[in-house]
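Q: Construct the entire structure; sequences and hints are all you get.
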Amino acid sequence: MDTLEQEIKILIIEALNLEDMSQEDIGSDVPLFGEGLGLDSIDALELGIALKKKYGIELEAGDSRTREHFRNVLSLAALVRSQGKAA
Amino acid sequence: MISWDVPVVRWVRWLGIGELELGFIEPLLRRRLSPMARGALHVANACAQDYPSASFVFASRHGELTRTVELLRSLAHEKELSPTLFSLSVLNAAAGIFSIARGDRAPATAIAAGVESFGYGLLEAYLRARQEPARPVVYVYADAPAPNPIGPQFGDPEAVFALGLLIHGDARSSLHTGIRTGAEAGISPTLQAYACLQALERGSADWASDRHHWYWNLQ
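Going down the list, the protein sequences come from chains A and B. Per full-length UniProt numbering, residue 1 is the first one in the first sequence, and the count goes up by one each step. Per full-length UniProt numbering, residue 1 is the first one in the second sequence, and the count goes up by one each step.
A portion of the hints provided could be inaccurate.
[Unchecked claim] No more than 27 Å apart at the CA atoms, straight line, and that leaves these computed lysine-lysine pairs for DSS-like: (1) A/Lys53 x A/Lys85; (2) A/Lys52 x B/Lys79; (3) B/Lys79 x A/Lys53; (4) B/Lys79 x A/Lys54; (5) A/Lys54 x A/Lys85; (6) B/Lys79 x A/Lys85; (7) A/Lys52 x A/Lys85.
Treat the hints as calculated values from the structure; they're not laboratory data.
A: Next up, the structure:
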C-alpha cells in the first residue's frame, strides 16, 4: 500500500472531520466529490487549505486542472509528488 | 406588567449528557454540527415529531461564537480561515442544517437578545403561533458557555444546554409568561432558560436581568 496515499486519506479524514470514517473506507480511485465520497464545495476549499499547509501546494481557484487534481486520492498523490514540498 | 399564555404541547431538554438522536441527519451533514447545534437539533427533531407542518424559531445568546473566536484566532496568527468554520459561524447555522436534513422548507428564524435571548425567542415563537394558529411552532433555545477569552459570561450555562417547546393552540397546558421592567429583587446569576425549565418541571419560576423581571407559571 502506498504510504503517500494513506497519508492523504488521513489528511482528508482529519481536515474534513469525516467522523465514523477510516482510511479503509476511502478507495484510492473513488471520486471524492459528488458521486463517490459525496464531498461538497466547502470540502474542496478546506482540502485546498490542508494541502497547502501540509505540502506547500498552491492551487489557483480558476485553474481548470484543479478539478482533475481533486478527482480522487490517486490524483492528489500525483499532485503532491509533482508539486509538493514537504512530502 | 404584561403577560401572555404560551400553549405548550410538549417540551424536550438536553443537558449535555446521554444519547443524542441525530440519525435523521446524514453523517456528511452531521459532522459539521457543533456540540451546541447537536443539542439544538436533537430537541428540535424530538419536538417536531408528528408535526410535519411546524415552523421553527431558534434562539441562542452566543450561537456559534466558539467558531467565530476560532476564526479570529486564525486571523490573529495570520493563518488561513477555515471555509467550514466560516460557513457555519452564523447564528442560523443550526436552523439551516436542520432544514436541509429534513428537506423541510418551513419558515425558520434565529433570534439573539443578550442574556434575555431565551425569553425573547419564546415571545417570537408565541407571536408566530398567534399569527398563524393552524401552524405549530417549534421553539428551540440552545447555548454553550462563551469560549475563552470572551467567556464564560455572567448568565451563561455551565455546559451545552438545549430546550425545545412545541407550541400549538390545541395544547392541554399553557405556560403563563410575564415580564415587567426593573429588577428590584436582584439580577439572576443563572441562565434565563433554566428558570423556564424549572417552571416546566415544578410549576413556576422567575428570573431577572438588570432591566426586566420575567416569570413563568405552568397552568
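Q: Next step is simple, just say for each hint if it's right about the structure.
A: So, going through the hints one by one against the coordinates:
Simply put, A/Lys53 and A/Lys85 have alpha-carbon atoms about 10 Å apart, close enough for the 27 Å limit, and the pair holds. Note on A/Lys52 and B/Lys79: the hinted pairing holds, with a Cα-Cα distance of about 11 Å set against a maximum of 27 Å. About 10 Å separates the Cα atoms of B/Lys79 and A/Lys53, which keeps this hinted pair within 27 Å; it holds. Annotation: proposed proximity of B/Lys79 to A/Lys54 holds, straight-line Cα distance about 13 Å (limit 27 Å).
Distance restraint check for A/Lys54 and A/Lys85: the Cα-Cα separation of roughly 9 Å lies within the 27 Å cut-off, and the hinted pair is therefore satisfied. Proximity of B/Lys79 to A/Lys85 is assessed by CA-CA distance (about 19 Å); at most 27 Å being required, the pair is judged to hold. The suggested pairing of A/Lys52 with A/Lys85 holds, with an alpha-carbon distance near 10 Å, which does not exceed 27 Å.
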